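Sequences listed follow chains A and B, in order.
In this text, residue positions in the first sequence follow the numbering used here: the first is 1, and each later residue adds one.
In this text, residue positions in the second sequence follow the numbering used here: the first is 329, and each later residue adds one.
These aren't lab readings, by the way, just hints derived from the structure by calculation.
This one's a predicted model, so the numbers in the text were calculated from it and none came from an experiment.
Every residue, glycine too, gets a C-beta built ideally from N, C-alpha and C.
Heads up, a few of these hints could be off.
What the hints assert, rightly or not - In silico lysine to aspartate or glutamate, DMTMM-like type, Cα no more than 20 Å apart, as pairs:
{"#": "1", "chain 1": "B", "residue 1": "K553", "chain 2": "A", "residue 2": "D111"}
{"#": "2", "chain 1": "B", "residue 1": "K585", "chain 2": "A", "residue 2": "E318"}
{"#": "3", "chain 1": "A", "residue 1": "K266", "chain 2": "B", "residue 2": "E582"}
{"#": "4", "chain 1": "B", "residue 1": "K553", "chain 2": "A", "residue 2": "D120"}
{"#": "5", "chain 1": "B", "residue 1": "K585", "chain 2": "A", "residue 2": "D209"}
{"#": "6", "chain 1": "A", "residue 1": "K294", "chain 2": "B", "residue 2": "E343"}
{"#": "7", "chain 1": "B", "residue 1": "K553", "chain 2": "A", "residue 2": "E134"}
{"#": "8", "chain 1": "B", "residue 1": "K436", "chain 2": "B", "residue 2": "E330"}
{"#": "9", "chain 1": "A", "residue 1": "K12", "chain 2": "A", "residue 2": "D65"}
{"#": "10", "chain 1": "B", "residue 1": "K591", "chain 2": "A", "residue 2": "D209"}
{"#": "11", "chain 1": "B", "residue 1": "K551", "chain 2": "A", "residue 2": "D120"}
{"#": "12", "chain 1": "B", "residue 1": "K432", "chain 2": "A", "residue 2": "D111"}
{"#": "13", "chain 1": "B", "residue 1": "K553", "chain 2": "A", "residue 2": "E122"}
{"#": "14", "chain 1": "B", "residue 1": "K484", "chain 2": "A", "residue 2": "E197"}
{"#": "15", "chain 1": "B", "residue 1": "K482", "chain 2": "A", "residue 2": "E194"}
To be verified - A short list of chain A residues far from chain B (calculated; beta carbon distances all over 10 Å):
{"#": "16", "residue": "A34"}
{"#": "17", "residue": "E46"}
{"#": "18", "residue": "G171"}
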Amino acid sequence: MARQVFAYIIHKDGVADDTALELIAAAGKLDPDASVTAVVAGDGSELDSVCNEVASSFAEVWKIDTPALAYVTSEVLRPLLVRILPKHGIVLVPHDHFGMDLAPGLSIKLDAVYLTDAVDFEGIDNGKLKAVREEYTGQVSTHVLSDISEGAVITVRPGSFKADESKSGEGNIIDKTAEAIEGGLPGGACRFLEIVEAEVGDVDITKSDILVSVGRGIEDEDNLEMIHELAEAMGGDVSCSRPIVDAKWLEKSRQVGTSGRTVTPKVYMALGISGAFQHVGGLKGSSFVIAINKNPRAPIFKVADVGIVDDILDFIPELTERINELKG
Amino acid sequence: MEILVCVKRVPDTSENEIEVNRDGTDIERDDLVYSVNEWDNYAVEEAIRIRDRVGGSVTVVSVGDEEAEEVVRREMAMGADKGILLSDDAFEGSDGRGIAAILKAEVKRGNYDLVLTGAQADDGAAQVGGMLAAMLDWPFASLVNFIEFVDDKKIKVGREIAGGNQEMYEIDLPCVLSIQTGINEPRYVSIRGIRKVASLEIPVHTARDLGISPGSVGEAGAKTKCLDYFVPELGDGAQILEGSTDEIIDKLIELLKAKGGIK
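Model the full assembly from the supplied sequences, consistent with the hints where possible.
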């Protein structure tokens with residue numbers, strides 16, 4: 001019998017997330033013979049449009065339709081999934097803010113192996129899956145062996161697998177709601193209240209053509225002045241990676257990344273930024289990326305078009321001076 | 329409010345470039361600088377702030393050897409009231425599930441209202457908090473960047489989600505929360521502060537103390553295993569500009585002009 005793989009579909013406003021098609025590719029790499037089922041949870045017409053959308057790509061779609069999931073929270077969803085998922089199945093979940101919330105507990109409740117943040121799969125041998133992960137923000141990679149013969153929950157890094165748009169599924173949508181909610185709705189101890197939208201800052205970096213973006217390599221708040229000076233010389237705006245916001249040196253609205261803003265500048269200067277995938281995930285479109293970092297193996301050099309291996313504290317003032325000379 | 333914070337000793341990535349060792353079995357650990365996992369440090373700071381507002385005590389716990397004790401002591405110097413080290417040969421080589429099982433046993437020995445972990449670690453998988461909550465059958469929220477005490481039965485919690493937005497929840501105690509960086513500004517720990525706690529005893533709890541059968545954790549109980557370490561391929565990667573700083577700047581300025589990077 002073909003191995004059963006389930007792909008959890010994240011969606012918003014009635015549209016499936018980009019990761020939906022990436023999970024098909026991931027499932028195919030995990031086991032080319034697997035039968036892949038999309039699992040979609042939500043409420044009403046928005047849920048239906050997501051189901052119809054993914055049914056054209058997946059062989060089968062399971063849906064859980066209840067007002068309790070009008071806003072999907074992992075504390076409500078997790079017990080429902082445990083009720084419908086078969087023992088020993090393989091469950092793929094995107095490794096994002098939702099997957100990180102849902103998946104560790106799901107693996108315990110399914111008594112399945114948990115493998116997180118996989119970026120590639122290299123085959124199954126004797127029930128053991130060989131997967132690739134990254135550690136230390138991508139400075140090193142590891143091969144991880146997991147015994148998946150009795151089931152597994154695997155989170156997959158968004159963007160690691162190229163979306164599989166080729167397959168045309170049969171559009172078979174199966175309503176699993178009754179089975180899922182039999183025994184009552186859980187999650188009473190954790191009550192969703194509301195979404196608080198991110199504050200809008202003084203500069204909207206999503207509209208900038210030139211971004212001069214600074215990371216941990218700046219070392220000290222006082223050194224930020226040189227970043228502002230370079231941005232001014234280039235005619236761009238200053239943005240940053242997470243550690244700069246955590247240190248409260250710049251406001252959250254200037255943060256590029258999956259938990260910050262998604263930006264599409266023409267030119268993106270990554271200065272002293274290591275290039276964690278959460279940061280790179282905030283760069284969309286066809287930006288020309290210039291990375292300057294003193295660590296030649298910083299992962300940012302993987303995504304940059306042009307790299308310079310140097311300490312930004314030495315390099316930036318010289319660059320700014322030369323640009324200013326040029327402009328007279 | 330009785331709060332337990334789980335912390336881990338990790339190589340400090342802001343102090344080290346991480347490289348693979350010669351035979352690819354591990355990272356190169358000679359000369360590494362270690363520290364407390366950054367996320368965990370925010371969790372300890374948050375626990376101390378909650379205690380200072382509503383009373384109670386903060387206990388810091390770590391699974392590891394005597395070197396992990398230094399990390400626990402550092403967090404006590406920050407202001408945690410108690411430290412506990414969970415240490416046993418049987419714990420070595422535990423995967424995330426094994427670590428969660430060991431921590432669960434310690435949680436069960438106490439009378440905690442709130443258990444905090446870091447949301448992730450640089451050498452980890454963002455898994456222990458969520459697993460621990462599921463093992464305890466307690467509610468869980470990850471990537472927490474806001475905590476407000478409502479009353480002694482519940483708290484209000486914010487989770488960081490995409491785009492800098494925040495999900496707000498009301499959660500009944502006891503619960504497990506994994507803490508995101510940036511939730512607060514962790515206090516500085518002075519040498520003097522560390523000296524003050526240098527002689528405090530940190531009890532060590534073993535597998536036997538915790539009632540854990542040795543085969544269920546450690547390498548024997550691990551269902552995931554790291555085979556090797558390697559340097560990721562750079563793929564196409566960046567074109568690295570070389571030469572003197574002046575030459576590099578010449579090339580860079582030409583590129584910036586061509587790509588619209590100078591207005």
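To see whether the hints hold, each was checked on the structure:
no.	hint	result
1	B/K553 / A/D111	17 Å, holds
2	B/K585 / A/E318	17 Å, holds
3	A/K266 / B/E582	15 Å, holds
4	B/K553 / A/D120	16 Å, holds
5	B/K585 / A/D209	13 Å, holds
6	A/K294 / B/E343	13 Å, holds
7	B/K553 / A/E134	14 Å, holds
8	B/K436 / B/E330	13 Å, holds
9	A/K12 / A/D65	15 Å, holds
10	B/K591 / A/D209	10 Å, holds
11	B/K551 / A/D120	19 Å, holds
12	B/K432 / A/D111	16 Å, holds
13	B/K553 / A/E122	15 Å, holds
14	B/K484 / A/E197	17 Å, holds
15	B/K482 / A/E194	17 Å, holds
16	A34	20 Å, holds
17	E46	18 Å, holds
18	G171	29 Å, holds
This entry satisfies every hint, going by the numbered hints stated previously.
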